[in-house]
Amino acid sequence: MAIVKKFLIASIITLSMTAAVLSVIPVTAQTQTMTEAHIARIKTNCGVALATLGRIHANDAPVYINRNQTYYSISDKMMARLNSRLTLNRYDATDLVKIASDFNAALDDFRLSYKAYDNTMADLVRMDCTRAPVSFYDKVGDARDKRERVHLIVADMQKLIDGYRDAVKKFKSDNLDDDKDESDG
Amino acid sequence: MGDNPENANTDMLHVPWYRHKLLHLVMVSIAVALLLVMIAMGLYVSNGTEQLDISRPGYSAVQDQVDQSGTFVSFSADGPVNSIVIDQFLKLYDEQTTRVDSSEIFLSTAISDEALEIDAP
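Chains Z and C are the protein sequences, given in the same order. Everything in the first sequence is counted per the working numbering, starting at 1 for the first residue and increasing by one. Everything in the second sequence is counted per the working numbering, starting at 1 for the first residue and increasing by one.
These aren't lab readings, by the way, just hints derived from the structure by calculation. Ideal placement from N, C-alpha and C gives every residue a C-beta, glycine not left out. Wrong hints could be hidden among the right ones.
[Unchecked claim] Below are the BS3-like pairs computed for lysine-lysine, each with C-alpha atoms no more than 30 Å apart in a straight line:
| hint | chain 1 | residue 1 | chain 2 | residue 2 |
| --- | --- | --- | --- | --- |
| 1 | Z | 98 | C | 21 |
| 2 | Z | 159 | C | 91 |
| 3 | Z | 169 | Z | 159 |
| 4 | Z | 170 | Z | 77 |
[As the list claims (entries may be wrong)] Here are the computed distance ranges between Cβ atoms for each label pair:
| hint | chain 1 | residue 1 | chain 2 | residue 2 | range |
| --- | --- | --- | --- | --- | --- |
| 5 | Z | 170 | C | 43 | 34 to 44 Å |
| 6 | C | 65 | Z | 112 | 20 to 30 Å |
| 7 | C | 55 | Z | 39 | 12 to 22 Å |
| 8 | C | 16 | Z | 130 | 47 to 57 Å |
| 9 | Z | 43 | C | 101 | 38 to 48 Å |
| 10 | Z | 177 | C | 98 | 18 to 28 Å |
| 11 | Z | 95 | C | 79 | 18 to 28 Å |
[Claimed, not checked] To spell it out: a stretch of chain Z is covered by chain C in this simulated footprint if at least three of its residues, at any positions, have a beta carbon under 8 Å from a beta carbon of chain C; those stretches are:
| hint | stretch |
| --- | --- |
| 12 | 82-92 |
| 13 | 96-106 |
Isolated chain Z (complex conformation) (with noise of 0.2 Å):
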């Protein structure tokens, strides 16, 4: 009997968890309706926003054309050719090259992200936002996250830039700092 009892409020405990998570999931749905008044203020504002979406885009394109020039820059006439050079000089720059090879990954991502971004923009410049509300606001949120993982894919690629320049100056520090001093002497 006790066995039945156990199984029967281990039953009736799962059922009220089911039953509560199963309620919260329409209630969250519900907040992601759009109300009337809603879309009637997207309809109202669509040529501002369209107008709004337009010139960021325009202007998105030269941020990301001199910024992947530079990254590419720092990777291929910097980072690249001074591993190289202390690898010919037989020293051990395993933890350069690995931040040069994280670095190279990084601008990889931040080229497929941004196209991915551009293109999302693309479509919604070129949107009908007094036709279809709804679509246009769903699309803009998509945009939205598109670029935020524009924005941190760049705070990473900063910290790699900073990161190389401190793991140079500890392999000048454990490396050749002597050199200097004795040179110095």
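Given chain Z, put chain C in place with the hints provided.
Same frame as chain Z, now just chain C:
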């Protein structure tokens, strides 16, 4: 009889227009050209060149914002390694990475609902 050039020319005049070799050549040339253009456009879009193309319609106003100076100085991959060389590298590295030292770009708040005036009333 049939080898007479005069007869051959007369036969050519009676060939229907859709059986002329010249027409076939033109059509095949156009088809090949269209195929090559489609391949080129596919590559242009897929490999990210589109994002670097500032000559696209709508970007003329921002063309002058692209840095075309090409002033990025390369560090030499050859030569000895000593403290002075590393100091030179760090100086050059600092100078050139200042171009990208701001991470405050592509902020998602620029296209927030409020900024676009499409937030819920």
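Status of the hints after comparison with the structure:
1. A hinted pair counts as satisfied when its Cα atoms are at most 30 Å apart, and residue 98 (chain Z) with residue 21 (chain C) does not qualify at roughly 62 Å.
2. Of the pairs offered as hints, the one joining residue 159 (chain Z) and residue 91 (chain C) holds, with about 18 Å between alpha carbons and a cut-off of 30 Å not exceeded.
3. Between residue 169 (chain Z) and residue 159 (chain Z) the alpha-carbon distance is near 15 Å, which keeps this suggested pair within the 30 Å criterion.
4. The straight-line distance between the Cα atoms of residue 170 (chain Z) and residue 77 (chain Z) is roughly 21 Å, inside the 30 Å bound, and the hint therefore holds.
5. Range check, residue 170 (chain Z) to residue 43 (chain C): Cβ separation about 43 Å, and the 34 to 44 Å hint holds.
6. In this structure the hint that residue 65 (chain C) and residue 112 (chain Z) lie 20 to 30 Å apart at CB holds, the actual value being about 23 Å.
7. Distance hint for residue 55 (chain C) and residue 39 (chain Z): a CB-CB separation of about 38 Å, inconsistent with the stated range 12 to 22 Å.
8. The beta-carbon spacing between residue 16 (chain C) and residue 130 (chain Z), approximately 54 Å, falls within the hinted interval of 47 to 57 Å.
9. Between residue 43 (chain Z) and residue 101 (chain C) the C-beta distance comes to about 42 Å, which sits within the given range of 38 to 48 Å.
10. Distance hint for residue 177 (chain Z) and residue 98 (chain C): a CB-CB separation of about 26 Å, consistent with the stated range 18 to 28 Å.
11. Our hint of 18 to 28 Å for residue 95 (chain Z) and residue 79 (chain C) holds, since their Cβ atoms are close to 21 Å apart.
12. Coverage of the stretch 82-92 of chain Z by chain C holds. Counting CB-CB distances below 8 Å, 7 residues qualify, and the rule asks for three or more.
13. With a threshold of 8 Å between beta carbons, the proposed coverage of the stretch 96-106 of chain Z by chain C is violated, since 0 of its residues qualify and at least three are required.
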